[in-house]
Amino acid sequence: SQQGEEDPQALSIQEGENATMNCSYKTSINNLQWYRQNSGRGLVHLILIRSNEREKHSGRLRVTLDTSKKSSSLLITASRAADTASYFCATERYGGSQGNLIFGKGTKLSVKP
Amino acid sequence: GAVVSQHPSWVICKSGTSVKIECRSLDFQATTMFWYRQFPKQSLMLMATSNEGSKATYEQGVEKDKFLINHASLTLSTLTVTSAHPEDSSFYICSASSLAGGPQKETQYFGPGTRLLVL
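Chains as they are written, first to last, in our numbering: chain S, 14 to 126; chain V, 4 to 122.
The hints are simulated quantities; they were obtained by calculation from the structure and are not laboratory data. This structure is a prediction, so every number in the text was calculated from the model and none was measured. Careful, some of the hints might be misleading.
Using C-beta positions, here's what the derived DEER-type ranges look like [claimed, not checked]:
#1 S:Q22 / V:P115: 19 to 27 Å
#2 S:G72 / V:S57: 35 to 43 Å
#3 V:P43 / S:A91: 26 to 34 Å
#4 S:T40 / V:K44: 44 to 52 Å
Straight-line C-alpha distance at most 30 Å; calculated DSS-like pairs for lysine-lysine [as the list claims (entries may be wrong)]:
#5 S:K118 / V:K44
#6 S:K39 / V:K44
#7 V:K44 / S:K69
Quick look at which bits of chain V chain S covers, simulated, 3 or more residues with Cβ under 8 Å [what the hints assert, rightly or not]:
#8 19 to 33
#9 68 to 74
#10 93 to 99
Heads up, the beta-carbon is just placed ideally off N, CA and C, and yes, glycines get one too.
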């Protein structure tokens with residue numbers, strides 16, 4: 014079954030608001046990564062958090078990881094219309110082949126100006 | 004950051020023909036390349052993993068004789084969809100990573116994708 018499941022499936026907010034997306038997974042992992050995909054385009058790597066890390070920041074992005082709950086969250090602060098995209102979490106399974114990522118279904122974020 | 008390109012960006016072909024998609028890492032040596040397919044409004048599904056100079060490893064349910072993968076160099080991998088049928092219509096995305104270390108390690112850099120439509 015699919016490793017990552019994002020929640021919510023769709024999120025619509027106003028520019029300037031914060032957006033929070035959650036991801037749950039089922040097995041032990043080496044790391045968890047968040048990607049962004051604009052409609053009909055490839056994926057852009059946003060941030061990687063390792064299994065021994067709890068929180069990571071990159072610009073307006075904040076990622077948390079709770080391995081006891083097997084969940085992660087992506088927070089985008091002060092959102093902009095340009096943040097409109099689909100966001101996917103992907104996990105590299107512990108003991109699996111390096112780089113073998115399993116993607117969640119994604120959260121479609123819409124930021125209205 | 005690392006750049007991965009794909010060619011073509013879109014292709015329309017007749018049923019029964021073969022289509023080749025190229026994936027290139029432009030500014031780093033990719034020891035491993037991955038091929039995914041994505042149906043509309045769905046997530047990416049890994050099809051296969053290819054390491055330079057060796058045979059690709061296919062995921063369960065992916066026909067290796069139908070989706071031929073060649074990773075002949077550290078900067079190029081190709082996916083050939085043989086005898087394409089309408090159900091093969093999808094968005095195919097490659098990614099590349101390097102186990103040699105540096106910023107590419109553990110991170111996959113994705114190409115822009117190739118949209119295939121089989122009539």
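> Looking back at the hints listed earlier, which ones does the structure fail to meet?
Replying inline: Checked against the structure, the hints that fail are numbers 4, 8 and 9, while the rest are satisfied.
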